[in-house]
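**Q** Chain residues, written in single-letter form:
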Amino acid sequence: MERVGIPLGVEPVTQRRVVRSEWTKLISLRSTRWALAATLVLAVGIGVLACIVFETRWAHLSVTDRTDFHPLSVSLAGINFAQLSIGVLGVLAITGEYSTGMIRSTFGAVPRRLPMLWAKVLVFGSTAFAISLPATFIVFFVGQAILSGEHINIGLGHSGVFRALIGVPLFLTAMGLFGLAVGAIVRSTAGGIAALAGIVFVLPPIVGLLPSSVADSVDPYLPSNSGGAIWTITPDPGTLAPWAGFAVFCAYVAVTLAIAAVLLVRRDA
Amino acid sequence: MIELRGVSKSYGRKTAVHDLSFTVRPGLVTGFLGPNGSGKSTTMRLILDLDAPDGGEVTVNGKRYRDHRAPLHQVGALLEASSIHTGRSAYDHLLAMAQTHGLGRERVEAMIDLVGLREVARKRAGTFSLGMRQRLGIASALLADPRVVMLDEPINGLDPEGILWVRNLLKGLAAEGKTVFVSSHLMSEMALTADHLIVIGKGELIADVGVREMIGRSSQSSVRVRSPDAARLAEVIAAPDVKVRNLGTDLIDVQGLDAEEIGLAAHVSGIVLYELSPRQASLEDAFMELTGEAIEYRAGEGSASTTALAKAA
Ligand SMILES: Nc1ncnc2c1ncn2[C@@H]1O[C@H](COP(=O)(O)OP(=O)(O)O)[C@@H](O)[C@H]1O
Ligand SMILES: [Mg+2]
Chain A
1 MERVGIPLGV EPVTQRRVVR SEWTKLISLR STRWALAATL VLAVGIGVLA CIVFETRWAH
61 LSVTDRTDFH PLSVSLAGIN FAQLSIGVLG VLAITGEYST GMIRSTFGAV PRRLPMLWAK
121 VLVFGSTAFA ISLPATFIVF FVGQAILSGE HINIGLGHSG VFRALIGVPL FLTAMGLFGL
181 AVGAIVRSTA GGIAALAGIV FVLPPIVGLL PSSVADSVDP YLPSNSGGAI WTITPDPGTL
241 APWAGFAVFC AYVAVTLAIA AVLLVRRDA
Chain B
1 MIELRGVSKS YGRKTAVHDL SFTVRPGLVT GFLGPNGSGK STTMRLILDL DAPDGGEVTV
61 NGKRYRDHRA PLHQVGALLE ASSIHTGRSA YDHLLAMAQT HGLGRERVEA MIDLVGLREV
121 ARKRAGTFSL GMRQRLGIAS ALLADPRVVM LDEPINGLDP EGILWVRNLL KGLAAEGKTV
181 FVSSHLMSEM ALTADHLIVI GKGELIADVG VREMIGRSSQ SSVRVRSPDA ARLAEVIAAP
241 DVKVRNLGTD LIDVQGLDAE EIGLAAHVSG IVLYELSPRQ ASLEDAFMEL TGEAIEYRAG
301 EGSASTTALA KAA
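Residue numbers (this note's numbering), protein chains in the order written: chain A, 1 to 269; chain B, 1 to 313.
Under 7 Å between C-beta atoms, here's a sample of chain A residues computed to sit facing chain B: (1) E11; (2) V13; (3) V18; (4) S21; (5) T24; (6) S28; (7) R104; (8) S105; (9) G108; (10) A109; (11) P111; (12) D268; (13) A269.
SDA-like, lysine to any residue: derived pairs with alpha carbons at most 25 Å apart: (14) B:K123 - A:L29; (15) B:K14 - A:L264; (16) B:K123 - A:S28; (17) B:K123 - A:S31; (18) B:K123 - A:A37; (19) B:K171 - B:G210; (20) B:K63 - A:L263; (21) B:K123 - A:R30; (22) B:K243 - B:A259; (23) B:K63 - B:L205; (24) B:K63 - B:E204; (25) B:K63 - B:T23; (26) B:K14 - A:R267; (27) B:K63 - A:E11; (28) B:K63 - A:T14; (29) B:K63 - A:L264.
Bear in mind the hints are in silico, worked out from the structure with no lab data behind them.
In this text, all values refer to a predicted model and were calculated from it rather than measured experimentally.
Note that the Cβ used here is the ideal one computed from N, Cα and C, for glycine as well.
Work out the full structure: start from the sequences and follow the hints.
**A** The structure is reproduced here in structure tokens:
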């Protein structure tokens, strides 16, 4: 029989090593690679499509359609979709470990557990940013090039545009981390996705049903609305200022992550 | 070395482990034996700090598992339930595990060869058979050259060749001076592999003995007697230290007398014997005797498996 007790270079577990391990985990799942690619394609594709529709139909549009039109928001039409798909990927990054039992291997290697959570935050966060940053700029430039056929495009130098284009990837990254934190708390894929979708998509219409005096003061502080402020080019009076709104959203993410961290250490695997 | 002192763990109202204390020593294969549901897997999760005990203390090589700087070098474990992401290849799984301890591709390759998964290493673990998953789990356990090897029911799903391989692997690891702790609900398997036994039932310690001692400690050998007049024979040989069990209409099992004494008694009373066979107590018997009272669902399980067998036949 082969000997297995060969001396070898075992090193202590460090945060850096756990990050490297989490990176291997993320890129080695075919489903994750596909989902990231699909997010990128759809975020760009939907925006481009929307620009084509406006450019070709422009001559026939009503006055209200024309006044409501904004070249930046049209080219970023796919971002609403991307926020859901990145959020769901964040959920899956951790619930996938629970549903398959992988979490026991992970905690066996990193029994202190928190380095695993921080590593996932770093690895998934940077991946989300690295994908959504180019996607945002690509769809902006391609979209504006299409709209320029009718001279209804907007330039990068226009006030607020650059901030919005940086804001989109920041927002998507934060949304991904929000999903990760929700997934770490809920621990089941179905539950995590339901909780995320509920907070992002179901909460706003529910608040909308409240008396308008209440709704108007609560609405800007909802997670999706506060986070969305950073890529809104024409802030209406009901929304928070771009960076203030984003700061509120980051606070939500931070608190959710903190809860996830406490539960992660306390609960049985 | 694994040490448990007064460890208890409940899930809701269900007590899985109660006041459990034992020590697992290096250089031996220690079998962890108990019927299904007796708390073996729970105990192993407590050792790995996956679950927190309600009371008591668990240490591995002198420290709590989570306090070790290179935990996989202290304990390499294969848990009962699958602990692998089904979407990841065997190679990538091992690589991710290895990287947490600064190990690289070379070590991963070596482990893949050791467990014989070379051909399927790049395939998703979800496509693996139970036996292949067990092998991957063993590769994962041995990755960081652990001082303690802890395997939960490792032969589940293995073919006879695989079982032999695991048996030899465990003995080899123990011979290298490692602590080897392996659970099973099959006494027969442990009889072939283990040097020492820790037996639990209903979450409590029943025995902590050497395998030889275990056989010795068990009830004496018995004699099986077949006779058309078995009932009368039972009356004839009745005595305070003689135990007679009815095994059928004409079959009894006698403890406390040897074959010659029974044969003679039958002759004197004119009873015809068809069979008179001395039986050596096996480790299996010893185990059944020890855990007999601790088995909770034996009747239910037995009947279920009988019907399953009947269906299969
Ligand atoms: N996570 C859990 N939640 C609830 N009950 C559990 C859990 N784990 C184990 N148990 C219960 O504890 C008892 C011991 O289970 P286990 O440790 O799996 O036994 P074994 O491995 O010896 O078959 C069983 O009755 C089981 O139902
Ligand atoms: Mg078990």
